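Student: In case you want the letters, here they are:
There are 4 protein chains.
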Amino acid sequence: MFIYYRIVRYKDEHKKESIIKATIKLVNDIGFVSSSVSKIAKEASVSPATIYIYYKNKDDLLVSTYIEIKKKIGMALLKDFDDTLPLKDTLLRSWKNGFFYIAENPGLFQFTEQFSYSPYGELVDKKDVEKYFEPIIKVLQTGIEQKIIKNVNFDILTTFIFFPVMILSNTRLCSNFEINEDNIETAFSLAWDAIKL
Amino acid sequence: MFIYYRIVRYKDEHKKESIIKATIKLVNDIGFVSSSVSKIAKEASVSPATIYIYYKNKDDLLVSTYIEIKKKIGMALLKDFDDTLPLKDTLLRSWKNGFFYIAENPGLFQFTEQFSYSPYGELVDKKDVEKYFEPIIKVLQTGIEQKIIKNVNFDILTTFIFFPVMILSNTRLCSNFEINEDNIETAFSLAWDAIKL
Amino acid sequence: MFIYYRIVRYKDEHKKESIIKATIKLVNDIGFVSSSVSKIAKEASVSPATIYIYYKNKDDLLVSTYIEIKKKIGMALLKDFDDTLPLKDTLLRSWKNGFFYIAENPGLFQFTEQFSYSPYGELVDKKDVEKYFEPIIKVLQTGIEQKIIKNVNFDILTTFIFFPVMILSNTRLCSNFEINEDNIETAFSLAWDAIKL
Amino acid sequence: MFIYYRIVRYKDEHKKESIIKATIKLVNDIGFVSSSVSKIAKEASVSPATIYIYYKNKDDLLVSTYIEIKKKIGMALLKDFDDTLPLKDTLLRSWKNGFFYIAENPGLFQFTEQFSYSPYGELVDKKDVEKYFEPIIKVLQTGIEQKIIKNVNFDILTTFIFFPVMILSNTRLCSNFEINEDNIETAFSLAWDAIKL
DNA sequence: GATGAATGAGTGTTCATTCAT
DNA sequence: CATGAATGAACACTCATTCAT
Chain H
91 MFIYYRIVRY KDEHKKESII KATIKLVNDI GFVSSSVSKI AKEASVSPAT IYIYYKNKDD
151 LLVSTYIEIK KKIGMALLKD FDDTLPLKDT LLRSWKNGFF YIAENPGLFQ FTEQFSYSPY
211 GELVDKKDVE KYFEPIIKVL QTGIEQKIIK NVNFDILTTF IFFPVMILSN TRLCSNFEIN
271 EDNIETAFSL AWDAIKL
Chain P
91 MFIYYRIVRY KDEHKKESII KATIKLVNDI GFVSSSVSKI AKEASVSPAT IYIYYKNKDD
151 LLVSTYIEIK KKIGMALLKD FDDTLPLKDT LLRSWKNGFF YIAENPGLFQ FTEQFSYSPY
211 GELVDKKDVE KYFEPIIKVL QTGIEQKIIK NVNFDILTTF IFFPVMILSN TRLCSNFEIN
271 EDNIETAFSL AWDAIKL
Chain F
91 MFIYYRIVRY KDEHKKESII KATIKLVNDI GFVSSSVSKI AKEASVSPAT IYIYYKNKDD
151 LLVSTYIEIK KKIGMALLKD FDDTLPLKDT LLRSWKNGFF YIAENPGLFQ FTEQFSYSPY
211 GELVDKKDVE KYFEPIIKVL QTGIEQKIIK NVNFDILTTF IFFPVMILSN TRLCSNFEIN
271 EDNIETAFSL AWDAIKL
Chain B
91 MFIYYRIVRY KDEHKKESII KATIKLVNDI GFVSSSVSKI AKEASVSPAT IYIYYKNKDD
151 LLVSTYIEIK KKIGMALLKD FDDTLPLKDT LLRSWKNGFF YIAENPGLFQ FTEQFSYSPY
211 GELVDKKDVE KYFEPIIKVL QTGIEQKIIK NVNFDILTTF IFFPVMILSN TRLCSNFEIN
271 EDNIETAFSL AWDAIKL
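Here the protein sequences line up with chains H, P, F and B, keeping their order.
Going by this note's numbering, the final residue of the first sequence carries number 287, and the count climbs one at a time with no gaps.
Going by this note's numbering, the final residue of the second sequence carries number 287, and the count climbs one at a time with no gaps.
Going by this note's numbering, the final residue of the third sequence carries number 287, and the count climbs one at a time with no gaps.
Going by this note's numbering, the final residue of the fourth sequence carries number 287, and the count climbs one at a time with no gaps.
To be clear, the hints were calculated from the coordinates, so they are not data collected in a lab.
Careful, some of the hints might be misleading.
Any copy will do: because identical chains look the same in the list, a pair fits if it lies in one copy or spans two.
Pairs of lysine to aspartate or glutamate, EDC-like flavour, derived with a Cα cap of 20 Å [unchecked claim]:
no.: 1; residue 1: K237; residue 2: D283
no.: 2; residue 1: K240; residue 2: E268
no.: 3; residue 1: K178; residue 2: D283
no.: 4; residue 1: K115; residue 2: E212
no.: 5; residue 1: K286; residue 2: E275
no.: 6; residue 1: K240; residue 2: D283
no.: 7; residue 1: K228; residue 2: D245
no.: 8; residue 1: K240; residue 2: E271
no.: 9; residue 1: K186; residue 2: E268
no.: 10; residue 1: K240; residue 2: D272
no.: 11; residue 1: K106; residue 2: D150
no.: 12; residue 1: K221; residue 2: D172
no.: 13; residue 1: K146; residue 2: D218
no.: 14; residue 1: K111; residue 2: E158
no.: 15; residue 1: K217; residue 2: D150
no.: 16; residue 1: K169; residue 2: E224
These numbers come from a predicted model, not from an experiment.
With the hints as extra help, turn the sequences into a complete structure.
Tutor: Below, the structure is given as structure tokens:
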């Protein structure tokens, strides 16, 4: 019996991982609407019933997957984060990190997009997500205090300094924007012009 | 004989209208994923079978609805369109038109959002949509030629001059941005700083 | 108005014809189960409603079509019918007529097969069909009286002298039986051996 | 562990049985055309969804049922099969077995009839069916070699020695043929006369 | 913990038929 | 006579979820 439980524990982690992976893959392949629990189960080589051991229901599975991804994206953005640099450089570094991470993990990004704009979006407690992006927000606040960037509503600021990364990364929306160092810097210069004082 | 045959073809345009209306309402109320044909039919006070008289299938219904809305939004944006004005003013007018139209018709906008990011998005021929926004695109091109705005990739330009309207209008994304003349002008000033030479 | 009615009357015959034709074609192409009234209507280039002018309902349409075909087959069988010939020759001639007619009109035959073995079969008044085959039946009866063929139950007789034509004509059942003068005569010789005294 | 996993796979064969039974009953009662999956499910006291656990789709259900029946009929025909008997007796025994089995299980037979002549018929791999009748076919082949029965195309032979059983058993086609020892022997004598050399 | 079986309620779609014109 | 529109009921099938094992 001891061995039995050991085996199961081991599988535990592995299974949860593979369920999330399957969820992301399926949502990207066939879309949110068609991704059923049984298909996800099959993709993860797991029984549908097993999914309900790890997640309360389908909503829970999807929301958890979303938060998991957001965490990863947040961490990618903050790679080599250094707020002792000039503010502009700190932001540019995040931009580059963001672009390259999304480019390397298009599946993750597509998932969050589909998710955010579906009604599932409202099931997420925003604080669960925002915390992964906090350092950047603080940098912006500091920028305002130091009169480096415009003192405008924070939603306006993020619209010009956050979302462009997501829009330009979206190949469906921006099919002509090639992701490379030069283009990122060009785009960033517009973002910076927008927010700088 | 001729008149007889003419009279006999009496498709009820009013019915088509109410199906589209029901589709939009339902997608906004319960989301894309849960909006089934039968629910839409019930909302439109129509038999499910009737929907298939007007639309080939569910995809057709949704895509048609999407294009219909895009057309309306495009036309709203272009209200009082006047490209003899200074470029900045032309764009600002469109911004204002856009904000107020979306604010007054939040349902329409939510639909397009959910639609764009669902796999249905790929069923749309982009040209069917872009044509409704062409005059503004031409204004931007002229701006580039006259060296008023930056000569950068068009995707970058639209990211800063189009999408902000949509992001800021989205109450889920920007819950602190109140739509009024002042705030729109503030936001627009950032957009303008971004793209102007 | 007079001309109007004339036009309509003309169409009358033509339409009924084309509805039956469409019914047969469709049943043969996609089978009994999938042949819907609307599909038949489309195939006949007619409104579904029009079918209900000529036939009480779908059953009526199918039964009428069946009887129509049976009539045609019966008449084909009796082409050049001559009961002054020796009985064996009379029957052989019918066999040949039957085989060649079915071979030339496979659609008709497939329809009756599918029909006979479906529950629709029971909707037909057998007398409406049998009358087209009466002369042959009389020939058999004469044969019995003249002690040329076995005096057995009539069902047994028809099993060996009628049905073989239908079975051998059925390419699904008899894929190796090629329909030609020689083979027909060979097969007939077995039938004759079976029933002759 | 091994035993655990084995236990867990507990498909209820009894349920599969009752689905097949319901399918046959329904097809006989209301016909092929009207036998829907939900009606079959209700007849089998099972959820429609359950049927899709045991069968890939409706086609699969019907085809499987057909093959199942063919197997049963084949086995009935071959009851007490003994090819050391004189060929004529071997065949007669099969005839009797066939008649009595069909008489006792009219449902099975009606099903195969409706099935064969519907478009479903073409979904069956003939080898899956023929194998159950092979011994009789071999007997006929031996008969030809031993110059006991006519050396004609096999389709012709089966037309006179197989199909009569099915035709005469069909009460719709042969309402005046009562199935009893005497009548069977009479009918068989015609069949034998047809094929014997 | 993990499973495949099981299901009622739902899916998108088509049906036979009727109706106003 | 002839029509396209309209429909409730049905279709084949899948869903999210639960259950005994």
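Student: Classify it for me, K169 with E224: is the Cα-Cα distance of at most 20 Å met within a copy, between copies, both or neither?
Tutor: Classified as within: same-chain Cα gap 13 Å, cross-chain 40 Å, threshold 20 Å.
Student: Is it within a copy, between copies, both, or neither that the alpha carbon of K240 lies no farther than 20 Å from that of E271?
Tutor: between (26 Å within a copy, 19 Å between copies)
Student: When no copy is specified for K186 and E268, does a C-alpha distance of 20 Å or less occur within a copy, between copies, both, or neither?
Tutor: Within one copy, since 13 Å is at most 20 Å while 31 Å is not.
Student: Have a look at K221 and D172 and pick one of within, between, both or neither, based on CA distance no larger than 20 Å.
Tutor: For K221 and D172, only the intra-copy Cα distance (17 Å) is at most 20 Å; the inter-copy one is 45 Å.
Student: My question is about K286 and E275: at a cut-off of 20 Å on alpha-carbon distance, are they close within one copy, between copies, both, or neither?
Tutor: Answer is both: 15 Å inside a copy and 17 Å across each meet the 20 Å cutoff.
Student: Checking K178 and D283: alpha-carbon separation at most 20 Å within a copy, between copies, both or neither?
Tutor: both (11 Å within a copy, 16 Å between copies)
Student: Tell me, please, which holds for K240 and E268 at an alpha-carbon limit of 20 Å: within, between, both or neither?
Tutor: Close across copies (18 Å), not inside one copy (29 Å); limit 20 Å.
Student: Tell me, please, which holds for K237 and D283 at an alpha-carbon limit of 20 Å: within, between, both or neither?
Tutor: both (14 Å within a copy, 17 Å between copies)
Student: Treating 20 Å as the Cα threshold, decide for K146 and D218: within, between, both or neither.
Tutor: Within one copy only: 18 Å inside, 40 Å across.
Student: Within a copy, between copies, both or neither: where do K228 and D245 come within 20 Å Cα-Cα?
Tutor: within (14 Å within a copy, 29 Å between copies)
Student: Is the C-alpha distance from K240 to D272 at most 20 Å within one copy, between copies, in both cases, or in neither?
Tutor: For K240 and D272, the Cα distance is within 20 Å only across copies (15 Å; inside one copy 25 Å).
Student: Have a look at K217 and D150 and pick one of within, between, both or neither, based on CA distance no larger than 20 Å.
Tutor: Result: close within a single copy only, 17 Å intra versus 38 Å inter.
When held up to the earlier numbered hints, the structure conflicts with none and fits them all.
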